[in-house]
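Visitor: Given next are the chains, with one letter for each unit.
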Amino acid sequence: MRVALFATCLVDQFFAQAGVATVRLLRSLGVEVDFPRGQTCCGQPAFNAGHWDEARRMARHTLAVFEGYDYVVLPSGSCGSMLKTHYPELFTGRGLEYRRAVDLAERTFELSQFIVRVLGVERLGDGLAGRRFAYHHGCHALRELGVEEEPVLLLKNAGAELVPWEADRECCGFGGVFSVKMPAVSVAMADRKLDTLPAEPAPEALVSTDAGCLLHLAGRSRRRGQALPVRHLAELLWEARNGAS
Amino acid sequence: MALRDYPKRAAELLERRPEVRESVMRAALHFDRNRARAYAEVDAEAWRGYARRVKDRLLTGLDRYLEAVEARLTQNGVRVHWAEGPEDVHRVLGEIVRAAGVRRAVKAKSMLSEELGVNAFLEAQGVEVFETDLGEFIIQLAGEPPSHIVGPAIHKSLAEIQRLFAEHLGTPPDASPEALAAAARAFLREKFLTAELGISGANFLVAETGTIVLVENEGNIRLSTSLPRVHVALVGIEKLLPRWEDLAVFLQLLARAATGQPIGTFVSLIQGPRRPGETEGPEEVHVVLVDNGRSAALADLEAGEVLRCIRCGACLNACPVYRQTGGHPFGFVYSGPIGEVLAPALLGPREAYPLYHASTLCGACAEVCPVEIPIPKLLLTWRRRAAEEGIRLPLERELVRGYAEAMVRPRAYRLASKAMRAFPGALRSERLPLVRAWTRLRAGLEPSPRPFHELWEEIKDEREG
Amino acid sequence: MSARDRILARVRRALAGRPEAVLPPIPEEPSLREEAAFRLFQERLEAAGGRVLRVAEPEAARALLAEAAAGVEGAWVGPEVPAPLRPDLPDRPPETAGLGVSWALAGVAETGSVVLSSREGRKGQLLVPRHLVWLPGDRLFARLAEALAALKGADAAALALHSGPSKSADIGQIMVKGVHGPGELWVGVVAFEPEEAGDGATELTEALSRLVGGTLRTKRGEPFLVEAVSERVVRVRTRGGEGKRLELPVSYLARAVERAREGADLSGPSRLRKEVGDRAAAYAWAILHALGYV
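Chains as they are written, first to last, in the working numbering: chain A, 1 to 245; chain B, 1 to 465; chain C, 1 to 294.
Among these hints, one or two may not hold up.
Claimed, not checked - Below, computed lysine to any residue pairings styled on SDA-like, alpha-carbon distance capped at 20 Å:
{"#": "1", "chain 1": "A", "residue 1": "Lys181", "chain 2": "B", "residue 2": "Glu208"}
{"#": "2", "chain 1": "C", "residue 1": "Lys274", "chain 2": "C", "residue 2": "Lys244"}
{"#": "3", "chain 1": "C", "residue 1": "Lys177", "chain 2": "B", "residue 2": "Glu196"}
{"#": "4", "chain 1": "A", "residue 1": "Lys181", "chain 2": "B", "residue 2": "Ala179"}
{"#": "5", "chain 1": "B", "residue 1": "Lys460", "chain 2": "A", "residue 2": "Val33"}
{"#": "6", "chain 1": "B", "residue 1": "Lys377", "chain 2": "A", "residue 2": "Tyr71"}
{"#": "7", "chain 1": "C", "residue 1": "Lys177", "chain 2": "B", "residue 2": "Asp174"}
{"#": "8", "chain 1": "C", "residue 1": "Lys244", "chain 2": "B", "residue 2": "Ala183"}
{"#": "9", "chain 1": "C", "residue 1": "Lys152", "chain 2": "B", "residue 2": "Leu158"}
{"#": "10", "chain 1": "C", "residue 1": "Lys177", "chain 2": "B", "residue 2": "Arg72"}
{"#": "11", "chain 1": "A", "residue 1": "Lys181", "chain 2": "B", "residue 2": "Ile139"}
{"#": "12", "chain 1": "C", "residue 1": "Lys177", "chain 2": "B", "residue 2": "Ala183"}
{"#": "13", "chain 1": "A", "residue 1": "Lys181", "chain 2": "B", "residue 2": "Pro172"}
{"#": "14", "chain 1": "B", "residue 1": "Lys460", "chain 2": "A", "residue 2": "Tyr71"}
{"#": "15", "chain 1": "C", "residue 1": "Lys152", "chain 2": "B", "residue 2": "Glu208"}
{"#": "16", "chain 1": "C", "residue 1": "Lys177", "chain 2": "B", "residue 2": "Glu12"}
{"#": "17", "chain 1": "C", "residue 1": "Lys177", "chain 2": "B", "residue 2": "Leu158"}
{"#": "18", "chain 1": "C", "residue 1": "Lys177", "chain 2": "B", "residue 2": "Arg431"}
{"#": "19", "chain 1": "A", "residue 1": "Lys181", "chain 2": "B", "residue 2": "Glu12"}
{"#": "20", "chain 1": "A", "residue 1": "Lys181", "chain 2": "B", "residue 2": "Asp174"}
{"#": "21", "chain 1": "A", "residue 1": "Lys181", "chain 2": "B", "residue 2": "Ser157"}
{"#": "22", "chain 1": "A", "residue 1": "Lys181", "chain 2": "B", "residue 2": "Arg397"}
{"#": "23", "chain 1": "C", "residue 1": "Lys244", "chain 2": "B", "residue 2": "Glu283"}
{"#": "24", "chain 1": "C", "residue 1": "Lys177", "chain 2": "B", "residue 2": "Pro177"}
{"#": "25", "chain 1": "A", "residue 1": "Lys181", "chain 2": "B", "residue 2": "Pro145"}
{"#": "26", "chain 1": "A", "residue 1": "Lys181", "chain 2": "B", "residue 2": "Tyr403"}
In case anyone wonders, no lab produced these hints; they're calculated from the structure.
All values reported here derive from a predicted model rather than from experimental measurement.
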């Protein structure tokens, strides 16, 4: 099968190692990924702000870049959902483009979803044995893609302990452009997440499928003087398979 | 209070009054947890689907149901009035006040009455108006608008309420909650017993039987609608239910969604004025059927689903954005997720801007709504319409266009990627416009030393070894 | 064009061409057997802060009444409440009674609710600090849907479901009871047939029914019409039949007769008020006087 990696602009720019980890992880599972170099941004920020003409331009570009692949895998819940849930909405009423959007949606998967539901793999290894993390459920992954059990399953089966966290399913406040349009509220939401993290025993890091959430929480944590480490799920899943580096 | 000041008011509130966030968060979490437990006790999915379909049926046959309920109410001895907006309501109330010689009115909580400016109008007619719901009473004393659909005073701490009551009712400054409630009870009891007019909203109005349905926990609604000689119920035209039997699910669903109870403590099923042989109860019952923008929302196929709302407040309690500030910064009668999609539906996207942007689209609201209103979908619809009409921040269009132009050109993207790394201070700047919105409260962004698309070149030929 | 016309026109225009959505059937839930229904009823109402007792014979009813009456100076009792279920307390109006006793039309197990009628009076259900409600055991429905079906079209200006004591958490999220309505709700589920008092009551009712349609005068000379007499109440209309309607419980008159027989001085309405209580005493006295009891 031909599998393409859509790194997404946030991973590409801010979590490059997560992209590397994704490639190596999939390769180790017998999946050779391609990285079509024309890829840029899925268009979600424009879409969420109501600028659908501009979002459509970026979506058309993305549709073209990923044509011909059997699967498109993203280390991101929000961008994955943009393609899977919202591209068809963008092209409703536009005939052939709509069909292509639906077609792409059907081939698109968030990384952990791809591993568990398409590859049927639930155990990656035991590279996370004895390590403790706090798992943040990104909203798009959780409520739009229905990706809830997969990341948890993969982490736990690799030996990781996930700390009980009362606010784990609450929105962190990133919301893309929301983070700079309503910064005070956005940060208050991050505080809610950080205030409820268990202190004893402390998790080694905060993990999520979404780079945006991680950047936002890490940024706020550092400003608060806590410097909570954040790891992208892809990096940890590779460590699960390959052992810590 | 202009809706467009939401971001500023929210920021100010967070900075100057952190205790409000604490009070609101505690209340919202409490309600939401109770709701979750209450939903789990029943087949919530089935009930919600049923409730949605019942409301859809009502709305798509609304003219028929309105005529039916009018006929039934009239048959029951209830006077029916119709009001397009506040002026009509004021006129009806004015006539009733004059005809009945009303000098004092007691009010049960009604969000619709806030929409219509009822209290201010009555006071201008020389009528003393007393809010009787404890939360509404508190904010009436404080001179504030409600901050939550179900719990209007959740933003107020015990200490603030103690001060308020000490000032207005003469209670000791350290009075316990029981003592404060007793003081309110004694104060308001005298008003119930002497008011000529009781004003309520309606949680439901049953078309089949003409029954006015009111739900509460305190008892003030029963008292407001039983003791005064005249009872006026203000009912939004979307608040009807088709059948008497529909009450079975709706009464239970409303309570479970709002507070996690199996049913509200007191439910009034009012058929009309006192009957022959009854020695108590109002002699006159009036229902005012109110439009106030609802028929316009009805015509809106894309965003009209908001009219299914039964005003339970579950979405407020679930919303991580609302929880940070409560309802006041919204500047509108309805706040939280439902307010964000009701405001543009009733007022238009320009008037309501930027409320429908006050969301991360996390979807928690849609998960809990008892009538399955897809709030995130409605928010996107209003954002799209606003963008199309040019309702946006200055330079927003240009920025977005520029962004799109870059993103459809991979070479431009890669150039921008290099540029960002050439000026590492840019993303930590406390002066650049968008960046400083980030850096004021969060540490600056640090890109990976090299972007993935460069690293790819090095790893693409690696093989599993 | 009136507001009505304009609103309906706008609604029709908004809906033009749109088909009506299908009305779903009322969901059916399996009912519960009596024992399970009672247990659920008790669980729900007690979770809400109420008290629920099954009362299987008259002694148990008297015990509950005695408990409810403890420390209470006077009670308001709904006219439909049968004699064996009335407390041994002087009558008081609802504004000052320390106990209110109601007769429920029905109960609902799944919501922990009792259904009350406006016919018995509303103030007594709301203004008293302690509210005791008698619920006939055979009127406890498992589901709200069942109760609603049975109550559809009930002849009352208003029905009310009470499912616990009055409460509010509006003061700093701290739960307080008895905010406007009763702070205590007690429900006695009656599992026996409460017999009325014996021949005395029948004799009285017969005598009362002979007064129907006639006009009497109060001690002060005000004429009033005796409109109707039932087993439970006497309905009168003041000011010669032009004024307001009042209901006098037969049980109140019966108690007055008993007190008179015991030798109490009931020589006028104020004596009646003192000895037995005030249920439209002026008219009650006139009736008793007309019948020769006082």
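Visitor: Determine for every hint whether it applies to the structure shown.
Guide: Verification of the supplied hints:
1. A:Lys181 / B:Glu208: Given pair Lys181 of chain A, Glu208 of chain B is violated - Cα atoms ~48 Å apart, limit 20 Å.
2. C:Lys274 / C:Lys244: violated (24 Å)
3. C:Lys177 / B:Glu196: It is violated: about 27 Å lies between the C-alpha atoms, which goes past 20 Å.
4. A:Lys181 / B:Ala179: With Cα atoms ~44 Å apart, Lys181 of chain A and Ala179 of chain B exceed 20 Å; violated.
5. B:Lys460 / A:Val33: holds (9 Å)
6. B:Lys377 / A:Tyr71: violated (27 Å)
7. C:Lys177 / B:Asp174: With Cα atoms ~19 Å apart, Lys177 of chain C and Asp174 of chain B stay inside 20 Å; holds.
8. C:Lys244 / B:Ala183: violated (34 Å)
9. C:Lys152 / B:Leu158: violated (43 Å)
10. C:Lys177 / B:Arg72: violated (37 Å)
11. A:Lys181 / B:Ile139: Violated: Lys181 of chain A and Ile139 of chain B sit about 31 Å apart, past 20 Å.
12. C:Lys177 / B:Ala183: Satisfied, since the Cα-Cα distance of roughly 13 Å is no more than 20 Å.
13. A:Lys181 / B:Pro172: violated (45 Å)
14. B:Lys460 / A:Tyr71: The given pair, whose Cα atoms are some 18 Å apart, holds under the 20 Å limit.
15. C:Lys152 / B:Glu208: holds (11 Å)
16. C:Lys177 / B:Glu12: Roughly 36 Å between the alpha carbons, so the hint for Lys177 of chain C and Glu12 of chain B is violated.
17. C:Lys177 / B:Leu158: Status holds; Cα separation ~16 Å.
18. C:Lys177 / B:Arg431: violated (54 Å)
19. A:Lys181 / B:Glu12: Roughly 15 Å between the alpha carbons, so the hint for Lys181 of chain A and Glu12 of chain B holds.
20. A:Lys181 / B:Asp174: Outside the cut-off at roughly 42 Å; violated.
21. A:Lys181 / B:Ser157: Outside the cut-off at roughly 29 Å; violated.
22. A:Lys181 / B:Arg397: With Cα atoms ~15 Å apart, Lys181 of chain A and Arg397 of chain B stay inside 20 Å; holds.
23. C:Lys244 / B:Glu283: holds (12 Å)
24. C:Lys177 / B:Pro177: holds (10 Å)
25. A:Lys181 / B:Pro145: violated (26 Å)
26. A:Lys181 / B:Tyr403: holds (17 Å)
Hint violations for this structure: numbers 1, 2, 3, 4, 6, 8, 9, 10, 11, 13, 16, 18, 20, 21 and 25, all remaining hints satisfied.
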